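Quick mapping for you: the protein sequence lines, in order, are chains A and B.
Under my numbering, the first sequence has 302 at position 14, and the numbering climbs by one with no breaks.
Under my numbering, the second sequence has 567 at position 279, and the numbering climbs by one with no breaks.
Heads up, some of the hints might be wrong.
No copy labels: a pair is met if it fits in one copy or bridges any two.
Unchecked claim - Think about it this way: if two alpha-carbon atoms lie no more than 30 Å apart in a straight line, the pair counts; the simulated DSSO-like pairs of lysine-lysine are:
no.: 1; residue 1: K386; residue 2: K552
no.: 2; residue 1: K558; residue 2: K500
no.: 3; residue 1: K500; residue 2: K623
no.: 4; residue 1: K558; residue 2: K623
no.: 5; residue 1: K465; residue 2: K539
no.: 6; residue 1: K355; residue 2: K314
no.: 7; residue 1: K403; residue 2: K386
no.: 8; residue 1: K386; residue 2: K355
no.: 9; residue 1: K558; residue 2: K539
no.: 10; residue 1: K623; residue 2: K552
no.: 11; residue 1: K558; residue 2: K634
no.: 12; residue 1: K539; residue 2: K500
no.: 13; residue 1: K526; residue 2: K465
no.: 14; residue 1: K386; residue 2: K314
no.: 15; residue 1: K552; residue 2: K500
no.: 16; residue 1: K552; residue 2: K403
Just so you know, these hints were derived from the structure itself, not from any lab.
The structure displayed is predicted, hence computed values, not measured ones.
Number of protein chains: 2
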Amino acid sequence: MAKSIRKKLTERVTITDVAHTAGVSKTTVSRYLSGQYHILSENARNRIQEAIRELNYRPNQMARGLKQDRSYLIGMVIADITNPFSTAILRGAEDVCKQRGYSIMVCNTDNDPAKEREYIFMLQSRRIDGLLINTTGRNNQFLRQLAEEHTAIVLVDRKVPELGLDTVGVDNELSTKEAIRFMINRGYEQIAFFTEPLEGVSTRQERANAFKDILIQYGFPVADLYEADLQQAEPLLKQLERFLESSREGKRAIFAANGVILLKLIHALKHKGLRIPDDVAIAGFDEMEWTDLIGPGITTVSQPTYQIGVTAMERIFRRLEGDHSPSQNIAFAGKLIIRGSTPSVKGL
Amino acid sequence: MAKSIRKKLTERVTITDVAHTAGVSKTTVSRYLSGQYHILSENARNRIQEAIRELNYRPNQMARGLKQDRSYLIGMVIADITNPFSTAILRGAEDVCKQRGYSIMVCNTDNDPAKEREYIFMLQSRRIDGLLINTTGRNNQFLRQLAEEHTAIVLVDRKVPELGLDTVGVDNELSTKEAIRFMINRGYEQIAFFTEPLEGVSTRQERANAFKDILIQYGFPVADLYEADLQQAEPLLKQLERFLESSREGKRAIFAANGVILLKLIHALKHKGLRIPDDVAIAGFDEMEWTDLIGPGITTVSQPTYQIGVTAMERIFRRLEGDHSPSQNIAFAGKLIIRGSTPSVKGL
DNA sequence: TTGTACGCGTTATCAA
DNA sequence: TTGATAACGCGTACAA
Chain A
289 MAKSIRKKLT
299 ERVTITDVAH
309 TAGVSKTTVS
319 RYLSGQYHIL
329 SENARNRIQE
339 AIRELNYRPN
349 QMARGLKQDR
359 SYLIGMVIAD
369 ITNPFSTAIL
379 RGAEDVCKQR
389 GYSIMVCNTD
399 NDPAKEREYI
409 FMLQSRRIDG
419 LLINTTGRNN
429 QFLRQLAEEH
439 TAIVLVDRKV
449 PELGLDTVGV
459 DNELSTKEAI
469 RFMINRGYEQ
479 IAFFTEPLEG
489 VSTRQERANA
499 FKDILIQYGF
509 PVADLYEADL
519 QQAEPLLKQL
529 ERFLESSREG
539 KRAIFAANGV
549 ILLKLIHALK
559 HKGLRIPDDV
569 AIAGFDEMEW
579 TDLIGPGITT
589 VSQPTYQIGV
599 TAMERIFRRL
609 EGDHSPSQNI
619 AFAGKLIIRG
629 STPSVKGL
Chain B
289 MAKSIRKKLT
299 ERVTITDVAH
309 TAGVSKTTVS
319 RYLSGQYHIL
329 SENARNRIQE
339 AIRELNYRPN
349 QMARGLKQDR
359 SYLIGMVIAD
369 ITNPFSTAIL
379 RGAEDVCKQR
389 GYSIMVCNTD
399 NDPAKEREYI
409 FMLQSRRIDG
419 LLINTTGRNN
429 QFLRQLAEEH
439 TAIVLVDRKV
449 PELGLDTVGV
459 DNELSTKEAI
469 RFMINRGYEQ
479 IAFFTEPLEG
489 VSTRQERANA
499 FKDILIQYGF
509 PVADLYEADL
519 QQAEPLLKQL
529 ERFLESSREG
539 KRAIFAANGV
549 ILLKLIHALK
559 HKGLRIPDDV
569 AIAGFDEMEW
579 TDLIGPGITT
589 VSQPTYQIGV
599 TAMERIFRRL
609 EGDHSPSQNI
619 AFAGKLIIRG
629 STPSVKGL
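Using the sequences and the hints, build the whole thing.
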């Protein structure tokens, strides 16, 4: 291992230096730092304040953490940090953390269990106090291990029932049913459901199941549930073609199980020269900054992402503060935003 | 004795525990941890490995960091983490960090100098080894302070010449000129430039100046440079109306200085019922996932964001490895992506 | 090849 | 209201 020698450009200022120039002991300075002003004399307090400013002192968090067995660090493990859904959650989580003096370490897994595991190890080494994770579901034993140490874990978006952890997300069944029911009521008679691979991802499963349930409830055949791996573009295109060939223009619609696949589908439609909603209607999960700008506007199920991030983070802090109540499953209501991509076709 | 009691209470596995169960000293374990295998007997090495696995030991990074005066932490201070431009950079930076065992702490400033300052202090407390920052430009003295400690700082996107720091971004002058020149060649005779407030943000200034320069070069009057504060929607709308009233249909175009304002402008146009490009042509900085889907597709200047993140991070590591060469200013070429929002209007 | 002893910067415990 | 001292978990001279 090639290590480079680091030169000390500036000697680091320590609590001892502050104590020295303020003419008090380290202990007293430490008390000042942790805000125990009531046991400090006016005099000591002022001199310490002055010394800190003069020396430009910043307490060393590593030393504090080591001593206190607390890092004031939160890990955030996400499948894809470039997904706006994830960043909105991060935004919410970050706001709550900042306010409490915690920092967030971001980890991008690409849905790869191996990467996720590496990150969990790293975060464990850093003694993170809390973890907010959108998990692949393939590293449950390590998550359980983490939870057994002092780490407060909250699962975001994806549940893993066997872990018995707090979960925050949206009510997938409710929202999916509302959306599909809406499309049926608008007169669509053949609705395709496109999702990324279901295995291991509760969110996708819940939405797919809700889709099936509602179709059955309305007496429709469940013929068009497509699972597409988005690594390559081909599979999705093929499945889309299959659906288009098997359906009649005018009464058909597509529902996308999340924002990523919704975007891909819109791209594919454009690529094939198909118009929305004339050739095919479309709707799907995840409101994004562009959904009202594409064609006649895309009908979406909007998730309160920022709120999800805030809530997840608040659960973490509650746990850190000693709340040992049974694990909660917090599901927000999604909001169906109706736009031109799913017009009524009843008269046709 | 006291040790075993403490262990039952806290359950934290330390290097001492590993040493005990492996039957060696802490030092030997430490050598193992830092990969100095050549000074370890086969026997010791195996026993340590086994002990680590058995106890599920993870070295405490806070302790290591404290001892080594290194945190293996990189701070990333960004104006808006939900901006796809920022997350793409983060993605690149993160990939490089992961590979080296570093972690990234994200800090969202909302372009607020006060928030930025708070974050700088916090990061200083954490003894970050490196900082990647998209700065407001209003906390230069604190950045200078950080740089004087052991922190390698790289400015991303926005420069601050007086700090003499490494900078990574895109060649704003070149790309802006190319884009405006392209629009002029396509026959547009009145081009408006919309930007967020110029003050203190080099990127915006460079683009605005390039815009002015090229107009002058072609003998056009520089009448339509609009600085809009996007906190409220009103100002932008008013300015847009001013431009539309002062210009003739058919030969007018809008250029947006970044992705955020480009999106707002497209929204505003839609809101006013104006069509692209029939009523007004439009182009702007920042390629986004939706730019090819809006109307006839939006002409954009694409920045190699992922590459910017990677490069910035690599500069940081180079500095940490002892590179003391003069500060670099790395400017990538942007790429003009021509789409239907800026058709040729020469014949009109 | 291995181990002993000390120190990193901070907080907690106790005594004054 | 203060301070001396012992940890926290690890790495590293120095010794063996």
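These are the hints, each one checked on the structure:
Proximity of K386 to K552 under the C-alpha cut-off of 30 Å is restricted to the inter-copy arrangement: shortest distance 28 Å between copies versus 35 Å within a copy. Proximity of K558 and K500 under a CA criterion of 30 Å is satisfied intra-copy only: 28 Å inside one chain copy versus 37 Å between copies. For the homomeric pair K500 and K623, the shortest alpha-carbon distance inside one copy (20 Å) is at most 30 Å, but the shortest distance between copies (45 Å) is not. Taking identical chains as interchangeable, the C-alpha atoms of K558 and K623 lie at most 30 Å apart whether they share a chain (26 Å) or sit on different chains (23 Å).
In the homo-oligomer, the alpha carbons of K465 and K539 lie at most 30 Å apart inside one protomer (19 Å), although the nearest pairing across protomers, at 49 Å, exceeds that limit. For a Cα distance limit of 30 Å, the shortest separation of K355 from K314 qualifies both inside one copy, at 15 Å, and across copies, at 19 Å. With identical chains, the CA atoms of K403 and K386 are at most 30 Å apart both within one copy (27 Å) and between copies (10 Å). In this assembly of identical chains, K386 and K355 lie within 30 Å of each other by CA distance both inside one copy and across copies; the values are 22 Å within and 27 Å between.
For a Cα distance limit of 30 Å, the shortest separation of K558 from K539 qualifies both inside one copy, at 19 Å, and across copies, at 28 Å. For the homomeric pair K623 and K552, the shortest alpha-carbon distances inside one copy (22 Å) and between copies (23 Å) are both at most 30 Å. Within a single copy, K558 and K634 get their C-alpha atoms as close as 25 Å, and across copies as close as 28 Å, so both meet the 30 Å cut-off. Proximity of K539 to K500 under the C-alpha cut-off of 30 Å is restricted to the intra-copy arrangement: shortest distance 18 Å within a copy versus 53 Å between copies.
Only within a single protomer do K526 and K465 lie at most 30 Å apart by alpha-carbon distance; the minimum there is 26 Å, versus 42 Å between protomers. For the identical chains of this complex, K386 and K314 are intra-copy neighbours only, at 28 Å inside a copy versus 37 Å across copies, given an alpha-carbon limit of 30 Å. When the C-alpha separation of K552 and K500 is checked against a cutoff of 30 Å, the pair qualifies only within one copy, where the shortest distance is 22 Å, while the shortest distance between copies is 39 Å. For the identical chains of this complex, K552 and K403 are intra-copy neighbours only, at 25 Å inside a copy versus 37 Å across copies, given an alpha-carbon limit of 30 Å.
Figure legend: structure checked against the earlier numbered hints; every hint is met.
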